[in-house]
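J.: Sequence:
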Amino acid sequence: MFAKEHVDTAAANVLRDLADTSVRPLSRLLNEQLTRRRTRFGPIAFVAGVASNQSFRPGLVSAVFVLTAVMERWTVDGPMSAFANAASGIVLIFLILGSGNWLMRAFPQRHTAIFLATVVVLQIPTFSFELAAGASLTPLYIVHVIVATFLSACVIWLTSGIGEFRVPQAELLRVYARELDAARIDVLVQTEVIGSIAKDAARMLHGSVQSTLAACALAIDRAALTDDVESYAAAIEQARAVLNAPWMTDSGPRPSVTLQAEVNAKIELWQGLAGIAALVSPEVKQITGALAGSVGEVVEEGLCNAIRHGNADTVSVQVDLVDEGSTSLIRVRVVDDGCGPLDGAPGLGSALLDDACAGRWKRAAAPGGGCILDAWILVREVTAS
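Just add 14 to the spot in the sequence shown (first one is 1) and you have the numbering used here.
No more than 25 Å apart at the CA atoms, straight line, and that leaves these computed lysine to any residue pairs for SDA-like:
| hint | residue 1 | residue 2 |
| --- | --- | --- |
| 1 | K299 | Q274 |
| 2 | K376 | A292 |
| 3 | K376 | L335 |
| 4 | K376 | G363 |
The calculated label-pair distances, taken between Cβ atoms and stated as ranges, are:
| hint | residue 1 | residue 2 | range |
| --- | --- | --- | --- |
| 5 | L74 | W116 | 10 to 20 Å |
| 6 | R374 | V61 | 33 to 43 Å |
| 7 | V157 | L130 | 16 to 26 Å |
Simulated from the structure, these hints should not be mistaken for laboratory data. A quick note: this is a predicted structure, and the numbers were derived from the prediction, not measured. Backbone N, C-alpha and C fix where the C-beta goes; we use that ideal spot for every residue, glycine too.
With the hints as constraints, model all of the structure from the sequences given.
T.: In C-alpha coordinates:
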(Lines of atoms letter the chains of each structure in order from A; the text may use other names.)
(Lines give C-alpha, C1' and ligand atoms only; values in the text may rest on other atoms or scores of the structure.)
Protein backbone atom coordinates (compact mmCIF):
# COMPACT_ATOMS: atom_id res chain seq x y z
CA MET A 15 0.00 0.00 0.00
CA PHE A 16 2.85 2.37 0.86
CA ALA A 17 4.53 1.71 -2.50
CA LYS A 18 1.29 2.37 -4.40
CA GLU A 19 0.68 5.68 -2.58
CA HIS A 20 4.29 6.63 -3.28
CA VAL A 21 3.82 5.97 -7.01
CA ASP A 22 0.54 7.92 -7.01
CA THR A 23 2.15 10.92 -5.31
CA ALA A 24 5.15 10.76 -7.63
CA ALA A 25 2.91 10.79 -10.71
CA ALA A 26 0.99 13.79 -9.41
CA ASN A 27 4.21 15.58 -8.56
CA VAL A 28 5.61 14.97 -12.05
CA LEU A 29 2.53 16.56 -13.64
CA ARG A 30 2.54 19.44 -11.16
CA ASP A 31 6.24 20.06 -11.71
CA LEU A 32 5.75 19.95 -15.47
CA ALA A 33 3.00 22.59 -15.24
CA ASP A 34 4.91 24.81 -12.81
CA THR A 35 8.50 24.48 -14.05
CA SER A 36 8.01 24.02 -17.79
CA VAL A 37 4.61 25.09 -19.07
CA ARG A 38 4.18 28.17 -16.87
CA PRO A 39 7.73 29.58 -17.50
CA LEU A 40 7.38 28.94 -21.24
CA SER A 41 4.03 30.74 -21.42
CA ARG A 42 5.44 33.64 -19.38
CA LEU A 43 8.54 33.80 -21.61
CA LEU A 44 6.45 33.91 -24.79
CA ASN A 45 4.30 36.69 -23.36
CA GLU A 46 7.35 38.71 -22.24
CA GLN A 47 9.01 38.32 -25.65
CA LEU A 48 5.84 39.58 -27.31
CA THR A 49 5.73 42.59 -24.96
CA ARG A 50 9.39 43.44 -25.58
CA ARG A 51 8.89 43.13 -29.34
CA ARG A 52 6.35 45.96 -29.35
CA THR A 53 7.78 49.38 -30.11
CA ARG A 54 8.00 51.82 -27.23
CA PHE A 55 7.82 55.53 -27.91
CA GLY A 56 10.13 56.91 -25.20
CA PRO A 57 12.32 60.02 -24.88
CA ILE A 58 15.21 58.53 -26.85
CA ALA A 59 12.90 57.46 -29.67
CA PHE A 60 11.37 60.95 -29.68
CA VAL A 61 14.77 62.70 -29.93
CA ALA A 62 15.95 60.36 -32.68
CA GLY A 63 12.64 60.61 -34.54
CA VAL A 64 12.72 64.40 -34.58
CA ALA A 65 16.30 64.54 -35.87
CA SER A 66 15.72 61.95 -38.58
CA ASN A 67 12.22 62.87 -39.78
CA GLN A 68 11.05 66.35 -38.77
CA SER A 69 11.77 69.79 -40.22
CA PHE A 70 12.54 73.03 -38.39
CA ARG A 71 9.80 75.47 -37.45
CA PRO A 72 11.47 78.89 -37.55
CA GLY A 73 8.25 80.71 -36.67
CA LEU A 74 7.93 78.96 -33.32
CA VAL A 75 11.65 79.31 -32.61
CA SER A 76 11.41 83.05 -33.37
CA ALA A 77 8.47 83.40 -30.97
CA VAL A 78 10.47 81.79 -28.17
CA PHE A 79 13.44 84.03 -29.04
CA VAL A 80 11.29 87.18 -28.81
CA LEU A 81 9.78 86.15 -25.48
CA THR A 82 13.17 85.44 -23.88
CA ALA A 83 16.22 87.23 -25.27
CA VAL A 84 14.41 90.30 -26.63
CA MET A 85 12.49 90.96 -23.42
CA GLU A 86 15.75 90.85 -21.50
CA ARG A 87 17.38 93.28 -23.97
CA TRP A 88 14.36 95.61 -23.66
CA THR A 89 14.84 95.82 -19.89
CA VAL A 90 18.59 96.46 -20.13
CA ASP A 91 19.08 98.61 -23.29
CA GLY A 92 15.63 99.96 -24.11
CA PRO A 93 13.05 99.36 -26.85
CA MET A 94 15.12 100.47 -29.88
CA SER A 95 17.94 98.05 -29.11
CA ALA A 96 15.39 95.32 -28.38
CA PHE A 97 13.61 95.82 -31.72
CA ALA A 98 16.93 95.80 -33.60
CA ASN A 99 18.00 92.65 -31.79
CA ALA A 100 14.63 91.02 -32.53
CA ALA A 101 14.76 91.88 -36.23
CA SER A 102 18.31 90.63 -36.71
CA GLY A 103 17.66 87.48 -34.66
CA ILE A 104 14.48 86.59 -36.55
CA VAL A 105 16.20 87.11 -39.90
CA LEU A 106 19.07 84.83 -38.87
CA ILE A 107 16.68 82.19 -37.50
CA PHE A 108 14.64 82.09 -40.72
CA LEU A 109 17.78 82.17 -42.87
CA ILE A 110 19.61 79.36 -41.06
CA LEU A 111 16.65 77.11 -40.27
CA GLY A 112 15.08 77.74 -43.69
CA SER A 113 18.35 76.73 -45.35
CA GLY A 114 18.43 73.60 -43.19
CA ASN A 115 14.90 72.68 -44.27
CA TRP A 116 15.80 73.16 -47.93
CA LEU A 117 18.90 70.97 -47.57
CA MET A 118 16.94 68.23 -45.77
CA ARG A 119 14.37 68.18 -48.58
CA ALA A 120 17.10 68.14 -51.22
CA PHE A 121 19.15 65.43 -49.50
CA PRO A 122 16.69 63.31 -47.45
CA GLN A 123 19.24 60.55 -46.99
CA ARG A 124 21.36 63.04 -44.97
CA HIS A 125 18.42 64.35 -42.95
CA THR A 126 19.86 63.63 -39.49
CA ALA A 127 23.33 65.03 -40.23
CA ILE A 128 21.88 68.22 -41.77
CA PHE A 129 19.49 68.64 -38.81
CA LEU A 130 22.31 68.39 -36.25
CA ALA A 131 24.66 70.62 -38.26
CA THR A 132 21.98 73.30 -38.60
CA VAL A 133 21.41 73.29 -34.83
CA VAL A 134 25.15 73.90 -34.32
CA VAL A 135 25.31 76.64 -36.99
CA LEU A 136 22.40 78.46 -35.34
CA GLN A 137 24.49 78.95 -32.20
CA ILE A 138 27.41 80.62 -34.02
CA PRO A 139 25.94 84.15 -34.50
CA THR A 140 25.00 84.53 -30.83
CA PHE A 141 28.39 83.62 -29.47
CA SER A 142 30.18 85.56 -32.23
CA PHE A 143 28.32 88.75 -31.22
CA GLU A 144 29.14 88.14 -27.55
CA LEU A 145 32.84 87.63 -28.27
CA ALA A 146 32.89 90.72 -30.48
CA ALA A 147 31.31 92.69 -27.63
CA GLY A 148 34.22 91.83 -25.35
CA ALA A 149 33.37 88.47 -23.79
CA SER A 150 36.43 86.43 -22.83
CA LEU A 151 36.86 82.66 -22.92
CA THR A 152 36.78 82.14 -19.18
CA PRO A 153 35.58 78.88 -17.57
CA LEU A 154 32.39 80.67 -16.55
CA TYR A 155 31.74 81.79 -20.13
CA ILE A 156 32.35 78.25 -21.42
CA VAL A 157 29.74 76.95 -18.97
CA HIS A 158 27.40 79.69 -20.22
CA VAL A 159 27.96 78.54 -23.82
CA ILE A 160 27.21 74.91 -22.92
CA VAL A 161 24.03 75.76 -21.02
CA ALA A 162 22.81 78.18 -23.71
CA THR A 163 23.47 75.62 -26.45
CA PHE A 164 21.58 72.94 -24.53
CA LEU A 165 18.58 75.20 -23.93
CA SER A 166 18.55 76.30 -27.57
CA ALA A 167 18.67 72.67 -28.72
CA CYS A 168 15.77 71.83 -26.39
CA VAL A 169 13.70 74.64 -27.91
CA ILE A 170 14.46 73.47 -31.44
CA TRP A 171 13.67 69.82 -30.63
CA LEU A 172 10.43 70.65 -28.85
CA THR A 173 9.16 72.96 -31.59
CA SER A 174 10.16 70.52 -34.34
CA GLY A 175 8.83 67.61 -32.29
CA ILE A 176 5.26 68.86 -32.57
CA GLY A 177 5.11 66.90 -35.80
CA GLU A 178 5.99 63.69 -34.01
CA PHE A 179 2.78 63.97 -31.97
CA ARG A 180 0.47 65.55 -34.56
CA VAL A 181 1.16 63.26 -37.49
CA PRO A 182 -1.35 60.37 -37.38
CA GLN A 183 -0.18 56.81 -37.43
CA ALA A 184 -0.75 56.35 -41.15
CA GLU A 185 1.30 59.47 -41.90
CA LEU A 186 4.09 58.29 -39.63
CA LEU A 187 4.18 55.00 -41.51
CA ARG A 188 4.44 56.92 -44.77
CA VAL A 189 7.26 59.10 -43.40
CA TYR A 190 9.28 56.18 -42.08
CA ALA A 191 8.59 53.95 -45.09
CA ARG A 192 11.38 55.53 -47.12
CA GLU A 193 13.88 54.12 -44.61
CA LEU A 194 12.70 50.56 -45.13
CA ASP A 195 13.62 48.29 -47.99
CA ALA A 196 11.68 45.22 -49.00
CA ALA A 197 13.76 42.87 -46.85
CA ARG A 198 13.20 44.90 -43.69
CA ILE A 199 9.47 45.16 -44.37
CA ASP A 200 9.40 41.38 -44.77
CA VAL A 201 11.14 41.02 -41.40
CA LEU A 202 8.58 43.32 -39.77
CA VAL A 203 5.72 41.29 -41.22
CA GLN A 204 7.28 38.07 -39.97
CA THR A 205 7.77 39.66 -36.54
CA GLU A 206 4.08 40.53 -36.33
CA VAL A 207 3.12 37.00 -37.39
CA ILE A 208 5.49 35.45 -34.85
CA GLY A 209 4.16 37.83 -32.22
CA SER A 210 0.61 36.70 -32.89
CA ILE A 211 1.64 33.04 -32.70
CA ALA A 212 3.56 33.70 -29.47
CA LYS A 213 0.52 35.37 -27.95
CA ASP A 214 -1.73 32.44 -28.85
CA ALA A 215 0.88 29.95 -27.61
CA ALA A 216 1.23 31.79 -24.30
CA ARG A 217 -2.55 31.82 -23.87
CA MET A 218 -2.91 28.12 -24.64
CA LEU A 219 0.05 27.05 -22.50
CA HIS A 220 -1.14 29.07 -19.53
CA GLY A 221 -4.79 28.18 -20.04
CA SER A 222 -5.65 24.82 -21.58
CA VAL A 223 -2.38 22.89 -21.16
CA GLN A 224 -1.44 24.11 -17.68
CA SER A 225 -5.01 23.89 -16.38
CA THR A 226 -5.41 20.34 -17.68
CA LEU A 227 -2.13 19.17 -16.14
CA ALA A 228 -2.99 20.83 -12.83
CA ALA A 229 -6.44 19.23 -12.82
CA CYS A 230 -4.91 15.83 -13.54
CA ALA A 231 -2.43 16.25 -10.69
CA LEU A 232 -5.22 17.15 -8.26
CA ALA A 233 -7.30 14.21 -9.47
CA ILE A 234 -4.37 11.82 -8.94
CA ASP A 235 -3.79 13.17 -5.43
CA ARG A 236 -7.45 12.73 -4.45
CA ALA A 237 -7.66 9.30 -6.06
CA ALA A 238 -4.62 8.21 -4.05
CA LEU A 239 -6.15 9.48 -0.80
CA THR A 240 -9.45 7.66 -1.41
CA ASP A 241 -7.80 4.59 -2.96
CA ASP A 242 -10.06 5.03 -6.02
CA VAL A 243 -8.40 2.94 -8.73
CA GLU A 244 -10.80 3.96 -11.51
CA SER A 245 -10.37 7.70 -10.83
CA TYR A 246 -6.62 7.25 -10.68
CA ALA A 247 -6.56 5.43 -14.03
CA ALA A 248 -8.79 8.06 -15.64
CA ALA A 249 -6.57 10.91 -14.41
CA ILE A 250 -3.42 9.16 -15.65
CA GLU A 251 -5.02 8.52 -19.04
CA GLN A 252 -6.10 12.16 -19.35
CA ALA A 253 -2.60 13.37 -18.47
CA ARG A 254 -1.08 10.97 -21.02
CA ALA A 255 -3.44 12.29 -23.70
CA VAL A 256 -2.45 15.89 -22.96
CA LEU A 257 1.27 15.09 -23.09
CA ASN A 258 1.10 12.94 -26.22
CA ALA A 259 -1.35 14.89 -28.36
CA PRO A 260 0.13 17.62 -30.59
CA TRP A 261 -1.42 21.02 -30.00
CA MET A 262 -1.67 24.01 -32.26
CA THR A 263 -2.65 27.60 -31.80
CA ASP A 264 -5.43 29.28 -33.70
CA SER A 265 -6.19 32.93 -33.07
CA GLY A 266 -9.35 32.86 -35.18
CA PRO A 267 -12.82 32.45 -33.71
CA ARG A 268 -14.59 29.08 -33.75
CA PRO A 269 -17.98 29.95 -35.22
CA SER A 270 -19.54 26.51 -34.59
CA VAL A 271 -18.88 26.44 -30.82
CA THR A 272 -21.54 28.12 -28.71
CA LEU A 273 -20.93 30.03 -25.52
CA GLN A 274 -22.76 27.34 -23.54
CA ALA A 275 -20.47 24.67 -25.03
CA GLU A 276 -17.36 26.71 -24.18
CA VAL A 277 -18.46 27.08 -20.56
CA ASN A 278 -19.36 23.37 -20.30
CA ALA A 279 -15.95 22.34 -21.67
CA LYS A 280 -14.10 24.44 -19.09
CA ILE A 281 -16.28 23.14 -16.25
CA GLU A 282 -15.93 19.50 -17.33
CA LEU A 283 -12.16 19.67 -16.81
CA TRP A 284 -12.53 20.54 -13.11
CA GLN A 285 -15.80 18.72 -12.35
CA GLY A 286 -15.19 16.12 -9.65
CA LEU A 287 -12.40 18.14 -8.05
CA ALA A 288 -14.95 20.63 -6.72
CA GLY A 289 -18.69 21.07 -6.76
CA ILE A 290 -19.27 23.39 -9.73
CA ALA A 291 -22.64 24.94 -10.48
CA ALA A 292 -23.13 26.96 -13.66
CA LEU A 293 -25.92 29.24 -14.78
CA VAL A 294 -25.80 30.67 -18.31
CA SER A 295 -28.47 33.19 -19.26
CA PRO A 296 -30.67 32.10 -22.20
CA GLU A 297 -29.89 35.39 -24.01
CA VAL A 298 -26.23 34.42 -24.42
CA LYS A 299 -26.25 30.61 -24.66
CA GLN A 300 -26.16 30.45 -28.46
CA ILE A 301 -23.52 33.16 -29.02
CA THR A 302 -20.56 31.88 -31.05
CA GLY A 303 -17.22 33.11 -32.35
CA ALA A 304 -14.65 35.27 -30.59
CA LEU A 305 -17.08 36.39 -27.89
CA ALA A 306 -17.77 32.81 -26.82
CA GLY A 307 -14.02 32.10 -26.79
CA SER A 308 -13.33 35.11 -24.57
CA VAL A 309 -16.01 34.01 -22.10
CA GLY A 310 -14.46 30.53 -22.04
CA GLU A 311 -11.01 31.97 -21.26
CA VAL A 312 -12.40 33.98 -18.34
CA VAL A 313 -14.24 30.94 -16.94
CA GLU A 314 -11.12 28.79 -17.33
CA GLU A 315 -8.94 31.31 -15.46
CA GLY A 316 -11.56 31.71 -12.72
CA LEU A 317 -11.92 27.95 -12.15
CA CYS A 318 -8.16 27.38 -12.14
CA ASN A 319 -7.61 30.13 -9.57
CA ALA A 320 -10.50 28.93 -7.40
CA ILE A 321 -9.64 25.22 -7.31
CA ARG A 322 -5.90 25.09 -7.86
CA HIS A 323 -4.78 28.19 -5.98
CA GLY A 324 -7.74 28.75 -3.65
CA ASN A 325 -8.39 25.06 -2.74
CA ALA A 326 -12.11 25.71 -3.14
CA ASP A 327 -14.67 22.95 -2.56
CA THR A 328 -17.59 24.68 -4.28
CA VAL A 329 -17.58 27.08 -7.20
CA SER A 330 -20.45 28.84 -8.94
CA VAL A 331 -20.22 30.25 -12.46
CA GLN A 332 -22.75 32.76 -13.73
CA VAL A 333 -22.85 34.24 -17.24
CA ASP A 334 -25.49 36.80 -18.13
CA LEU A 335 -26.18 39.85 -20.28
CA VAL A 336 -26.15 43.31 -18.68
CA ASP A 337 -26.93 46.70 -20.18
CA GLU A 338 -25.20 49.91 -19.15
CA GLY A 339 -26.99 52.65 -21.03
CA SER A 340 -26.51 51.99 -24.72
CA THR A 341 -23.73 49.47 -24.07
CA SER A 342 -24.32 45.72 -23.85
CA LEU A 343 -21.88 43.57 -21.93
CA ILE A 344 -21.61 39.93 -20.94
CA ARG A 345 -20.81 39.55 -17.26
CA VAL A 346 -18.93 36.48 -16.07
CA ARG A 347 -18.98 35.90 -12.30
CA VAL A 348 -17.01 33.10 -10.62
CA VAL A 349 -17.60 32.72 -6.86
CA ASP A 350 -15.75 30.17 -4.70
CA ASP A 351 -15.38 29.21 -1.03
CA GLY A 352 -11.58 28.93 -1.11
CA CYS A 353 -8.91 30.86 0.75
CA GLY A 354 -9.68 34.13 -1.01
CA PRO A 355 -7.53 36.40 -3.20
CA LEU A 356 -3.79 35.89 -2.78
CA ASP A 357 -1.32 38.74 -2.50
CA GLY A 358 1.31 39.02 -5.18
CA ALA A 359 2.26 40.79 -8.38
CA PRO A 360 -0.11 40.32 -11.36
CA GLY A 361 1.00 37.43 -13.54
CA LEU A 362 0.22 36.06 -16.98
CA GLY A 363 -3.27 35.09 -15.81
CA SER A 364 -4.08 38.72 -15.09
CA ALA A 365 -2.65 39.69 -18.48
CA LEU A 366 -4.85 37.13 -20.22
CA LEU A 367 -7.91 38.43 -18.35
CA ASP A 368 -6.99 41.95 -19.47
CA ASP A 369 -6.79 40.72 -23.04
CA ALA A 370 -10.04 38.75 -22.89
CA CYS A 371 -12.18 41.56 -21.46
CA ALA A 372 -10.14 44.71 -22.18
CA GLY A 373 -9.29 45.24 -18.51
CA ARG A 374 -12.91 45.21 -17.33
CA TRP A 375 -12.50 42.76 -14.45
CA LYS A 376 -11.94 42.71 -10.72
CA ARG A 377 -11.23 40.13 -8.04
CA ALA A 378 -12.36 40.61 -4.44
CA ALA A 379 -12.87 38.64 -1.23
CA ALA A 380 -16.34 37.15 -0.79
CA PRO A 381 -18.27 38.27 2.33
CA GLY A 382 -18.47 34.73 3.71
CA GLY A 383 -14.96 33.74 2.68
CA GLY A 384 -13.54 32.82 -0.68
CA CYS A 385 -13.19 34.92 -3.81
CA ILE A 386 -15.42 36.68 -6.34
CA LEU A 387 -14.18 37.24 -9.88
CA ASP A 388 -16.25 39.60 -12.03
CA ALA A 389 -15.44 40.26 -15.68
CA TRP A 390 -17.35 42.25 -18.29
CA ILE A 391 -16.89 41.67 -22.03
CA LEU A 392 -18.16 44.28 -24.45
CA VAL A 393 -20.42 42.56 -26.96
CA ARG A 394 -19.92 44.96 -29.87
CA GLU A 395 -16.17 45.23 -29.37
CA VAL A 396 -15.59 41.48 -29.65
CA THR A 397 -18.12 40.67 -32.36
CA ALA A 398 -16.78 43.51 -34.53
CA SER A 399 -13.17 42.30 -34.35
